[in-house]
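J.: Now for the letters of each chain:
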Amino acid sequence: MGYGVDQNDRLLQLAADYARDIHAYCADVGTVLFPSAMVPPSEAIISAVAAKLRQIVSDIEFAILKDGAGQTPTTWEMLTRSGFLREPDLIDFMLSRVAEDRLSPMANVNPAQIANRLLDHPNAVIVEAGQTLLAAESLHHHSVRRSFLVLTPELLHKMCWRIVAALEVAQNTRQLDVIDAAKTIIADFAEANRAQSAARKIIHFSSEIERSELLKPELAGLHLHVAALSKILNLDHDHVVRLIDSGSSTPYAIMLAAAGVAKADAAKAIYTFRGDLITLHEAGIFDAGYERLQQQHVQAEISKWATARTNYLAFGQL
Amino acid sequence: MSSGTELLRPISAEVDSDGRLVRADDALIRLHVRSGGIDGGMLAIPALARLADLSIRLQMRLSRAVRVSDEAEQLELWVEVRPEGRLAKLNIISWQVLASLAKPRAVDDADTPNIDSGIIRLDAALRLIHASGVATFGLMPRDFGRDCQAVLNELYTGAEYIAGLIDLATPHAATSGCTLKRISDDKAFEVTAEKLSDNYRLLFKIEPNPIVGNAPERFGDAPEAMFGKHLAPVLRQPLGRIIANAETIGSELQGPIRENYALYARDIANAARHLSALVDDLGDLEAIEQVGFKTAKDEIELGDVARRVAGLLSLKAADHSIFIQTPGIDIAVHAVAEFRRTLQILLNLVNNAIRYSPDGTQVYIEIVQVENWAQISVTDEGKGIARADYNKVFEKFERLGRSGDGGSGLGLYISRRLAHAMGGELFVTDSDNGGAKFTLRLPIS
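Heads up: the protein sequence lines correspond to chains A and B, in order. The opening residue of the first sequence carries number 248 in my numbering; numbering runs sequentially from there. The opening residue of the second sequence carries number 86 in my numbering; numbering runs sequentially from there.
It should be emphasised that the hints constitute simulated quantities derived from the structure, not laboratory data. Accuracy of the hints is not assured; some may be wrong.
[Stated by the list, open to error] Not the full set, but computed from the structure, chain A residues with beta-carbon under 10 angstroms of chain B:
1. 328
2. 332
3. 391
4. 408
5. 415
6. 430
7. 438
Given the structure is predicted, the values throughout are model-derived calculations rather than measurements. Cβ coordinates follow ideal geometry from the N, Cα and C atoms, glycine included.
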């Protein structure tokens with residue numbers, strides 16, 4: 248039996264389609280089954296993480312040493328060599344911030360609209376948390392030498408003392424003013440001032456109707472959207488960010504289904520954050536499968552993701 | 086899911102650095118008691134206790150939503166915590182009942198035990214926080230807040246398996262169990278463990294036909310394999326964490342501490358290292374004392390083993406300015422023995438030589454073939470061993486009156502048993518320079 252050139256081309260075309268399908272399918276299954284598995288980050292992400300880390304180290308040094316701080320952080324080399332800057336919780340945190348930087352502008356929310364929504368709210372706690380959120384977001388983008396304010400309390404504490412220890416080793420002496428400066432940074436820090444914490448507080452105090460509105464990224468922006476998903480699904484805030492930004496759209500679709508988001512709104516949310524990444528295959532799976540996902544089942548599945556992440560982050564931590 | 090309602094007056098509480106609830110408003114005290122806490126005792130709400138502890142440890146102001154559950158409901162609280170010295174001041178500004186979030190099945194069904202069952206709940210640090218049904222028998226109020234393992238050890242035989250059981254526990258499913266026998270009345274209980282969101286639960290059920298001494302088999306292996314296969318790995322993990330944490334504290338990596346505290350931390354690290362070595366030794370001991378214990382027959386070269394051992398222990402030797410002299414690469418003596426076990430014996434011998442030799446001396450590893458035997462010997466420049474003790478030194482737990490040096494008294498016993506299992510011998514003689522000379526003899530074919 249012989250095939251003509253056209254038929255061979257057709258076979259090749261089919262094979263290529265199947266190969267792409269299988270690859271996409273494997274990616275989906277892999278992301279769902281092993282959400283904590285390490286997907287090698289791209290060069291661009293590695294550079295962004297390194298730049299953020301360097302900025303934070305530099306800013307903490309500046310806050311500690313004041314006039315004594317140079318342009319490049321003294322302790323950077325030592326902290327890198329010690330492996331501290333590769334610890335899972337720190338890298339996971341930085342990857343979440345890099346993901347936020349990518350996703351935030353995509354929400355394309357009108358800042359005045361969200362400010363009005365929060366600052367005119369009848370609940371005083373939401374107004375106060377709204378002010379904090381807006382301030383933290385602006386601080387996040389425009390602050391000079393205060394980048395460490397984005398850190399979690401645990402990470403700020405750890406980084407401050409590691410930098411103090413590294414300075415001590417570098418200068419071969421213990422300086423009490425350096426220790427006092429680190430204590431001041433720690434004492435001045437308040438978790439409530441972090442954008443993520445303020446967003447979670449707003450969601451906590453919102454009514455169910457308001458919360459379903461805040462699930463729409465185009466109305467709420469990234470922080471509130473993530474905080475709403477985080478509360479409904481009982482997942483860590485950064486975990487939700489990482490899942491939205493993961494290699495496949497499936498985990499995000501599963502989260503939206505578990506949160507009871509209607510298909511049209513889910514499609515809009517996925518398009519908002521992943522419109523540039525979504526493949527035809529993913530779109531097909533979403534279209535055919537979203538409404539078949541049962542909320543109870545996907546919630547049970549998601550609770551396993553939380554456990555897997557906890558185990559992953561706990562590993563290697565002291 | 087309802088919205089969080091701002092409380093007109095926040096609920097406040099104070100928790101000290103030991104986790105004790107020093108003061109609290111009525112609503113929180115009621116929740117604390119419902120969760121198994123007692124007046125003035127440890128805060129029995131794990132999520133809040135953790136937050137208070139974190140705030141004191143970091144000396145930072147925290148603001149978080151925490152989920153807690155008691156017998157009746159699951160709650161989400163918005164908590165703001167402020168450290169004041171060794172106290173954490175908690176302010177709960179919202180108290181929200183998560184009505185639509187179904188509580189896990191197991192909690193609903195089994196927290197109300199029937200007449201022949203009971204439940205013990207532990208917090209994340211494995212402290213006893215609640216007991217009900219048959220599991221309350223023998224417990225005193227002072228036991229709540231104590232380490233559960235210690236409490237159960239006083240009441241039951243077989244309680245040593247509880248730690249292993251908890252380590253194997255999975256969320257909302259009891260996958261493995263063990264049998265505990267109550268000391269006071271010899272009643273046997275089948276105990277299974279479940280992991281809840283932030284704590285653990287032990288489910289007790291009276292066994293109608295107890296099998297005496299069956300605890301180890303329930304893990305699925307012969308009783309003699311219990312320690313090495315199941316408990317040793319379980320013990321190694323927490324010991325590893327203790328060592329790592331104590332070293333971090335001792336090296337002041339997370340902030341300066343008082344000098345004597347740093348020394349205590351180093352003591353803790355050393356003690357944990359000793360325990361870890363003991364766990365390894367006991368695992369080995371159990372393995373070699375099993376009937377039918379066999380070793381592999383590898384073709385090995387003793388000079389290679391000697392150089393590897395010297396490499397592994399070179400840093401330790403350098404700490405004491407001790408030099409390990411190894412055979413030259415031009416000398417090769419072949420033997421038939423299991424490589425890993427031979428390495429283990431040599432590591433033990435050279436480790437001992439470093440431990441008991443004065444600083445600045447030398448340890449010699451020599452290899453030679455004598456008729457049909459391959460021999461490797463380790464000689465030190467220490468005090469040596471009296472002739473009368475030549476055999477005694479290979480006895481189980483024999484320390485020859487020494488203590489506090491990190492040894493378990495099992496290393497040489499295990500080494501000799503391993504040598505015999507490989508068809509060889511391990512013995513000690515005097516060296517020319519007054520130290521001890523340990524020789525391992527192995528068959529060449």
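J.: Compare the structure with each hint and give your call.
T.: Structure-based check of all given hints:
no. : hint : verdict
1   : 328  : violated, 14 angstroms
2   : 332  : violated, 14 angstroms
3   : 391  : violated, 23 angstroms
4   : 408  : holds, 4 angstroms
5   : 415  : holds, 9 angstroms
6   : 430  : holds, 8 angstroms
7   : 438  : holds, 5 angstroms
Consistency note: the structure conflicts with the earlier hints numbered 1, 2, 3.
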